[in-house]
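Visitor: Sequence order for the protein chains is A and B.
Under the numbering used here, the first residue of the first sequence carries the number 290, and numbering increases by one thereafter.
Under the numbering used here, the first residue of the second sequence carries the number 66, and numbering increases by one thereafter.
It should be emphasised that the hints constitute simulated quantities derived from the structure, not laboratory data.
Fair warning: this is a prediction, and the values are worked out from it, not measured in the lab.
Hints are supplied without guarantee of correctness; some may be wrong.
Each computed EDC-like pair below joins lysine to aspartate or glutamate, with the alpha-carbon atoms no more than 16 Å apart [stated by the list, open to error]:
| id | chain 1 | residue 1 | chain 2 | residue 2 |
| --- | --- | --- | --- | --- |
| 1 | A | K750 | A | E536 |
| 2 | A | K571 | A | E582 |
| 3 | B | K98 | A | E681 |
| 4 | B | K158 | A | E681 |
| 5 | A | K760 | A | E297 |
| 6 | A | K584 | A | D683 |
| 7 | A | K301 | A | E311 |
| 8 | A | K620 | A | E635 |
| 9 | A | K623 | B | E161 |
| 10 | A | K584 | A | E681 |
| 11 | A | K396 | A | E297 |
| 12 | A | K551 | A | E681 |
| 13 | B | K158 | A | D621 |
| 14 | A | K314 | A | D703 |
| 15 | A | K551 | A | E582 |
| 16 | A | K380 | A | E536 |
| 17 | B | K98 | A | E640 |
| 18 | B | K158 | A | D627 |
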Amino acid sequence: MHHLTLAELARKLRAKEFSVTELTKALLGRIEASQPKLNAFITVTGESALAQAKAADGAFANGSAGPLTGLPLAHKDIFCTQGVKTSCGSKMLDNFVSPYDATVVEKLGAAGMVTLGKTNMDEFAMGSSNETSFYGPVKNPWDLSLVPGGSSGGSAAAVAARIAPIATATDTGGSIRQPASLCGVTGIKPTYGRVSRYGMIAFASSLDQGGLISQSAEDAAMVLTAMSGFDPRDSTSVDAPVPNYVETLNAPLTGLRIGLIKEFFEKGLDPNVENLIREALKVYEKLGATLVEVKLPALPLSVPTYYVVAPAECSSNLARFDGVRFGYRAKDPKDLMDLYKRSRGEGFGAEVKRRIMTGTYVLSAGYYDAYYLKAQRVRQLINLDFKRAFAEVDVLIGPTAPDVAFAIGAKSADPIQMYLNDIYTIGANLAGVPALSIPCGFVRDLPVGLQICGAHFAEAKLLNVAHAYQKETDWHRRIPAAFKAEKLS
Amino acid sequence: MSLNRDQINSIAHLARLSLTEAEIPVYQDSLSKIVALVGELELAQTAGIEPMAHPLPGVSQRLRPDVVTEKDQHELYQRNAPQVEAALYLVPKVIE
Chain A
290 MHHLTLAELA RKLRAKEFSV TELTKALLGR IEASQPKLNA FITVTGESAL
340 AQAKAADGAF ANGSAGPLTG LPLAHKDIFC TQGVKTSCGS KMLDNFVSPY
390 DATVVEKLGA AGMVTLGKTN MDEFAMGSSN ETSFYGPVKN PWDLSLVPGG
440 SSGGSAAAVA ARIAPIATAT DTGGSIRQPA SLCGVTGIKP TYGRVSRYGM
490 IAFASSLDQG GLISQSAEDA AMVLTAMSGF DPRDSTSVDA PVPNYVETLN
540 APLTGLRIGL IKEFFEKGLD PNVENLIREA LKVYEKLGAT LVEVKLPALP
590 LSVPTYYVVA PAECSSNLAR FDGVRFGYRA KDPKDLMDLY KRSRGEGFGA
640 EVKRRIMTGT YVLSAGYYDA YYLKAQRVRQ LINLDFKRAF AEVDVLIGPT
690 APDVAFAIGA KSADPIQMYL NDIYTIGANL AGVPALSIPC GFVRDLPVGL
740 QICGAHFAEA KLLNVAHAYQ KETDWHRRIP AAFKAEKLS
Chain B
66 MSLNRDQINS IAHLARLSLT EAEIPVYQDS LSKIVALVGE LELAQTAGIE
116 PMAHPLPGVS QRLRPDVVTE KDQHELYQRN APQVEAALYL VPKVIE
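Pulled out of the complex, with its shape left as it was, chain A reads as follows (with noise of 0.2 Å):
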């Protein structure tokens, strides 16, 4: 069963084909099995899954059950789970258990989904490769020498390797687009403000925002519908009705005007993943869509612009990591002041303390002006951008990522090779619209993503046009060979 999509499981758990149970047991029996071989999860919760796998049975036996009961999932270990160690991927927080639930992690569980435990994340969310994680990094289920991209490394690969078959994420700058592009699934970052950040450890609060990794629009369209909406917990949280996005996914792609983005075909991309775009473009071209190139200038200048916002928003936000009233405390310290400086540079990894004083550095005396404030001009020349590019054409469509997935280690010792990696990624995040990444085929035997990006609440568009293509082709189906059995050895 673990080769079936959620749309899949739930039609099947319906006509009682199998129990939640057994369902249950077989994903947790494959998360055992691959965990020394992905490290995909950071903490498995067995004993709660079957507990909330018994009481779907129980709702399926009495007629209670919702369109999501009794469907498994993995949560990113930077939602707060509670009476669960939440970790961010980071020493810093290895003693840490949730005394509350994030709304995500609340709406999924009110809707019957069962939880199987939490993925392994690059620390706080600062990574592109998932080496950054204290717990070591996830490897890609498609060839286990290489990174499976980052943030959400463990959720894109318990989904890819169908140990999960969905889990939840959050984008920054790519986190859910990159790893979804380098481990051939489904990955959607929503509009800012579409899914509640509350409970949601922060990184950078004007880009974070939580999405989903699955293995076809379909299952995304099913779970957002349910994990998006107003939280008046969170002050940034968009008070607008939510759409059942499964409603809309057939709807005839006739006149659909797709947007080339002229710059990011021009320099760096991999030939032959140019290739695998533009065959997924004459796909759509056969489903009724044109193809129009559009100029966003300002977009070459993202990573920079990123580069001091994102961590400038990351050095005030992990100030409150000062190990007095939760997480790590460095031992004996002498007085205050080595309390607190032992405490975060012992607790925190080598990329959050870099992030950290590169935040705090621009944000210093005599550089606000030169670095932040001039990062947040550009940021509006980017959204500007985007602004007129929605006006010609109802979607952007280009590559996720500028090359397949990449040896662990190859770029860990260079920082800004790692972070061009989200140079097709960032700009959504910057202007806080909607993209997502679909699998359109392989390079060299490893997966290629399709980045398909909206304006701002067009997820219902997005969705219906990943789910066009994913009628015509079985990317999102295919399965890395050392996860096809049923039992794993």
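Since the structure of chain A is provided, determine the placement of chain B on it from the hints.
Guide: Chain B alone, transformed into the frame defined by chain A:
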């Protein structure tokens, strides 16, 4: 622009981070590269452009009525604290 040792130490102090001797040259090198990367922003023409702090234009920060809505759960919250006594968080002595 290259950051020197003193600048790294000063940034680390502002950020309340202890660095080991071995970490200092590593951050000197990588922070200098990052500062060079973000230096590209200088070239952008931004005269008359409003700085953008929030990705949804027109949406302002919501305020809630100033009333108590949380119940007292300090015992639950303090279970995560490294050192607590009489419901107070303990830190090294700050007043002689």
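Visitor: For K551 (chain A) and E681 (chain A), compute the direct alpha-carbon distance and say whether it is at most 16 Å.
Guide: Given that 16 Å is the threshold and the Cα spacing comes to 14 Å, the pair holds.
Visitor: If you draw a straight line from the CA of K584 (chain A) to the CA of D683 (chain A), is it 16 Å or shorter?
Guide: OK: K584 (chain A) and D683 (chain A) at ~15 Å, within 16 Å.
Visitor: Take a quick look at whether K396 (chain A) and E297 (chain A) sit within 16 Å of each other, Cα to Cα.
Guide: violated, 22 Å
Visitor: Please verify whether K314 (chain A) and D703 (chain A) have alpha carbons no more than 16 Å apart.
Guide: Given pair K314 (chain A), D703 (chain A) is violated - Cα atoms ~42 Å apart, limit 16 Å.
Visitor: Below or equal to 16 Å on CA atoms is what counts here, so check K158 (chain B) against D627 (chain A).
Guide: holds, 12 Å
Visitor: Taking only the CA atoms, is the gap from K98 (chain B) to E640 (chain A) under or equal to 16 Å?
Guide: Answer holds: K98 (chain B) to E640 (chain A) is near 14 Å, not above 16 Å.
Visitor: Can the restraint linking K623 (chain A) and E161 (chain B) be considered satisfied, given a maximum Cα separation of 16 Å?
Guide: holds, 13 Å
Visitor: Are K750 (chain A) and E536 (chain A) close enough, with their CA atoms no more than 16 Å apart?
Guide: Cα-Cα ~11 Å, so holds.
Visitor: Between the alpha carbons of K158 (chain B) and E681 (chain A), is the straight-line distance 16 Å or under?
Guide: violated, 63 Å
Visitor: Holds or violated: K380 (chain A) and E536 (chain A), Cα atoms, limit 16 Å.
Guide: At roughly 43 Å apart (the allowed maximum being 16 Å), E536 (chain A) and K380 (chain A) break the hint.
Visitor: What's the verdict on K620 (chain A) and E635 (chain A), does the C-alpha distance respect the 16 Å limit or exceed it?
Guide: With Cα atoms ~10 Å apart, K620 (chain A) and E635 (chain A) stay inside 16 Å; holds.
Visitor: Regarding the pair K571 (chain A) and E582 (chain A), is the alpha-carbon distance no greater than 16 Å?
Guide: holds, 15 Å
When each numbered hint is compared with the structure, violations occur for hints 3, 4, 11, 14 and 16.
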